[in-house]
Amino acid sequence: MNAGKHDSFINSIMRRLQENWRTVVIIIPFIWLLMFFLFPFFIVAKISLAEIKIASPPFTKMVDWSDGGIMTVRIVFDNFLYIINDSLYVDTYFNSVKIASTATIISLLLGYPIAYGIVRSGPIAKPILLFMVILPFWTSFLLRVYAWMGLLADQGTINNLLISLGFINEPIRMLYTEFAVYIGIVYTYMPFMILPLYANMEKLDGSLNEAAADLGSKPINTFFKVTLPLTMPGVIAGSLLVFIPATGEYVIPDLLGGGNVQMIGRVLFNEFSRNTDWPVASAVAIAMLFLLVLPIIIFQYYQGKAAEDK
Amino acid sequence: MYGKRSRFLTIMLTIGMAFFYIPMILLVVYSFNYSKLVPVWGGWSTRWYKVLFESEEVWAAVNISLKIALVNATFATILGMLAALSMVRFGKFRGRTLFGGMLVAPLVMPEVITGLSLLVMFITLKQLFGWPENRGFVTITIAHITFSMAYVAVTIQARLTGMGQSLEEAASDLGAKPFKVLTAITIPRLTPALISGWLLAFTLSLDDLVIASFVSGPGANTLPVLIFSRIRLGLRPDINALATIIILVVAVCIAVAALIMFRQQKRDLLDQKLAEQER
Numbered sequence: 000m001n002a003g004k005h006d007s008f009i010n011s012i013m014r015r016l017q018e019n020w021r022t023v024v025i026i027i028p029f030i031w032l033l034m035f036f037l038f039p040f041f042i043v044a045k046i047s048l049a050e051i052k053i054a055s056p057p058f059t060k061m062v063d064w065s066d067g068g069i070m071t072v073r074i075v076f077d078n079f080l081y082i083i084n085d086s087l088y089v090d091t092y093f094n095s096v097k098i099a100s101t102a103t104i105i106s107l108l109l110g111y112p113i114a115y116g117i118v119r120s121g122p123i124a125k126p127i128l129l130f131m132v133i134l135p136f137w138t139s140f141l142l143r144v145y146a147w148m149g150l151l152a153d154q155g156t157i158n159n160l161l162i163s164l165g166f167i168n169e170p171i172r173m174l175y176t177e178f179a180v181y182i183g184i185v186y187t188y189m190p191f192m193i194l195p196l197y198a199n200m201e202k203l204d205g206s207l208n209e210a211a212a213d214l215g216s217k218p219i220n221t222f223f224k225v226t227l228p229l230t231m232p233g234v235i236a237g238s239l240l241v242f243i244p245a246t247g248e249y250v251i252p253d254l255l256g257g258g259n260v261q262m263i264g265r266v267l268f269n270e271f272s273r274n275t276d277w278p279v280a281s282a283v284a285i286a287m288l289f290l291l292v293l294p295i296i297i298f299q300y301y302q303g304k305a306a307e308d309k
Numbered sequence: 000m001y002g003k004r005s006r007f008l009t010i011m012l013t014i015g016m017a018f019f020y021i022p023m024i025l026l027v028v029y030s031f032n033y034s035k036l037v038p039v040w041g042g043w044s045t046r047w048y049k050v051l052f053e054s055e056e057v058w059a060a061v062n063i064s065l066k067i068a069l070v071n072a073t074f075a076t077i078l079g080m081l082a083a084l085s086m087v088r089f090g091k092f093r094g095r096t097l098f099g100g101m102l103v104a105p106l107v108m109p110e111v112i113t114g115l116s117l118l119v120m121f122i123t124l125k126q127l128f129g130w131p132e133n134r135g136f137v138t139i140t141i142a143h144i145t146f147s148m149a150y151v152a153v154t155i156q157a158r159l160t161g162m163g164q165s166l167e168e169a170a171s172d173l174g175a176k177p178f179k180v181l182t183a184i185t186i187p188r189l190t191p192a193l194i195s196g197w198l199l200a201f202t203l204s205l206d207d208l209v210i211a212s213f214v215s216g217p218g219a220n221t222l223p224v225l226i227f228s229r230i231r232l233g234l235r236p237d238i239n240a241l242a243t244i245i246i247l248v249v250a251v252c253i254a255v256a257a258l259i260m261f262r263q264q265k266r267d268l269l270d271q272k273l274a275e276q277e278r
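Those protein sequences? They're chains A and B, same order as listed. Counting with numbering that gives the first Met the number 0, you get residues 0 to 309 for the letters of the first sequence. Counting with numbering that gives the first Met the number 0, you get residues 0 to 278 for the letters of the second sequence.
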């Protein structure tokens, strides 16, 4: 009897689940993202408007009831003023943008012909080359950066080779310089440039190039007038996929730049872990997000357009 | 689009591939170096593999990293699949724009921001509810699921849009209820995307340093955290040995995954053709 009741209870749940399963499917990931993605941002935004305090947590409350039941609201913009007035933060901010954008341009100049070369390859070489581009993307990011530490060190492979060939007598300092950071970014983010470019070029219509050639256009001219404009969506997607993460990069400036290259991601990490200044770290995070909002929106816009085109 | 490849493109391809692979090949070669100084060749040897295998610290880190990666990949695949289905197959619903935005945002969000915000959230939760008591396995796994599910969702969304709905339509024409269509047709057809999504989430988790450094507590070192703390001080031959093993494992896994995907794609094309002929 009891078991029968139990059964019908389960059955009714199952029936309701079958009727409302779409809602269940949506609601589970939705709640997860609200809790672990959106909610944390509100907390960071809140802390960025607080003052540092020697306590746990090390910041003042925004809404305080402790003064005999009278609610006091504390919002301070001191952290943002502090960042703007401190030349260290401003310089770091601009330095990050400079390094990330230069590295993006280098990646584009190298990645574009590589992607085009893959598209123009034969049916056997093409999947192999594509696989070769994807493989490094799946291998540990940290270890790929580490590989360059061995190449660029004063006693590293490149210096040893150049000395043994007699080109130089003293090792050239490469590791812990801005140059090393550029190499690191270009090396690790190159697949993010090549893959969107490849996806875009793959859809190109070869007959357009032939038509241009038939009408007497030189290859260089055809490239700038036909191919490049048609591959702009790929160029934009690839460039943003390199620029956005490179701006906030922490590992590369830390391992390859040593203490000599200041980037915003590294400052944030250090502010947080060494100085435990949460309000300033949070303000740096908000400032960094502010810098990246526009590129992120442009990227989303183009992704949306690309999805509609399909 | 095939066509002739100019000499310039061939040269650029060669340079590009050399640029990609020479550093990794050297990393592997120097792992067999006897010398304690990584770039100074001291003869072939496997002594650093022995050092590596005898290190309890390394084994503990491998253990915790694999556990996190397994749990993360499984949950991220389920959540990512649900999210992708909601976005591609359910039409309009309330909050769809917010949902879509939150789903892709982790893809482009700098890791330092994600890590920082998750850490302050865990600390706030602890202050309010006393949970999570310690930061470690649970907090790292939650953080990893949150960003990996976005990658999984993108993979599955691409597959959902790409595979079309002709089989699903055929099934409902034959009287299958929507839920039955989902479980009997859509999800089985998603298998290759689910596998590649799972593998992607697994590798992303094994690879993550920055977010794990933020949300882990003392004593819970994942493999990247351990590697990072060691190579910060300079080159280490045992890390070269570890790198070689990781590269090997990854290469084998990708080759297998590529094979599975390739076979499924062929079978799929056949299914699609048959379904279209029936009409």
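Hint data in this document are derived by calculation from the structure and do not stem from the laboratory. One should not assume that every hint holds.
[Claimed, not checked] Mimicking BS3-like on lysine-lysine, the simulated pairs with C-alpha atoms at most 30 Å apart in a straight line are:
| # | chain 1 | residue 1 | chain 2 | residue 2 |
| --- | --- | --- | --- | --- |
| 1 | B | Lys125 | A | Lys45 |
| 2 | B | Lys265 | A | Lys202 |
| 3 | A | Lys224 | A | Lys202 |
| 4 | A | Lys304 | B | Lys272 |
| 5 | B | Lys265 | A | Lys125 |
[To be verified] Some but not every residue of chain A turned toward chain B, in silico, with C-beta under 10 Å:
| # | residue |
| --- | --- |
| 6 | Ser7 |
| 7 | Leu32 |
| 8 | Phe36 |
| 9 | Leu107 |
| 10 | Ile113 |
| 11 | Leu134 |
| 12 | Leu150 |
| 13 | Leu161 |
| 14 | Leu164 |
| 15 | Tyr181 |
| 16 | Ala211 |
| 17 | Tyr249 |
| 18 | Asn259 |
| 19 | Gln261 |
| 20 | Arg265 |
| 21 | Phe271 |
[To be verified] Per the computed footprint, the stretches of chain B lying under chain A, defined by three or more beta-carbons under 8 Å from a beta-carbon of chain A, are:
| # | region |
| --- | --- |
| 22 | 16-28 |
| 23 | 36-46 |
| 24 | 89-98 |
| 25 | 127-139 |
| 26 | 200-206 |
| 27 | 227-234 |
| 28 | 242-248 |
Cβ atoms here follow ideal geometry from the backbone N, Cα and C, with glycine treated the same way.
Do the hints match the structure? See the list:
| no. | hint | in the structure |
| --- | --- | --- |
| 1 | Lys125(B) to Lys45(A) | 17 Å, holds |
| 2 | Lys265(B) to Lys202(A) | 21 Å, holds |
| 3 | Lys224(A) to Lys202(A) | 17 Å, holds |
| 4 | Lys304(A) to Lys272(B) | 29 Å, holds |
| 5 | Lys265(B) to Lys125(A) | 18 Å, holds |
| 6 | Ser7 | 20 Å, violated |
| 7 | Leu32 | 4 Å, holds |
| 8 | Phe36 | 5 Å, holds |
| 9 | Leu107 | 13 Å, violated |
| 10 | Ile113 | 4 Å, holds |
| 11 | Leu134 | 6 Å, holds |
| 12 | Leu150 | 6 Å, holds |
| 13 | Leu161 | 13 Å, violated |
| 14 | Leu164 | 15 Å, violated |
| 15 | Tyr181 | 13 Å, violated |
| 16 | Ala211 | 13 Å, violated |
| 17 | Tyr249 | 5 Å, holds |
| 18 | Asn259 | 15 Å, violated |
| 19 | Gln261 | 14 Å, violated |
| 20 | Arg265 | 8 Å, holds |
| 21 | Phe271 | 6 Å, holds |
| 22 | 16-28 | holds (count 8) |
| 23 | 36-46 | holds (count 4) |
| 24 | 89-98 | holds (count 4) |
| 25 | 127-139 | violated (count 0) |
| 26 | 200-206 | holds (count 3) |
| 27 | 227-234 | holds (count 5) |
| 28 | 242-248 | holds (count 3) |
Going through the hint list in order, the structure does not satisfy hints 6, 9, 13, 14, 15, 16, 18, 19, 25.
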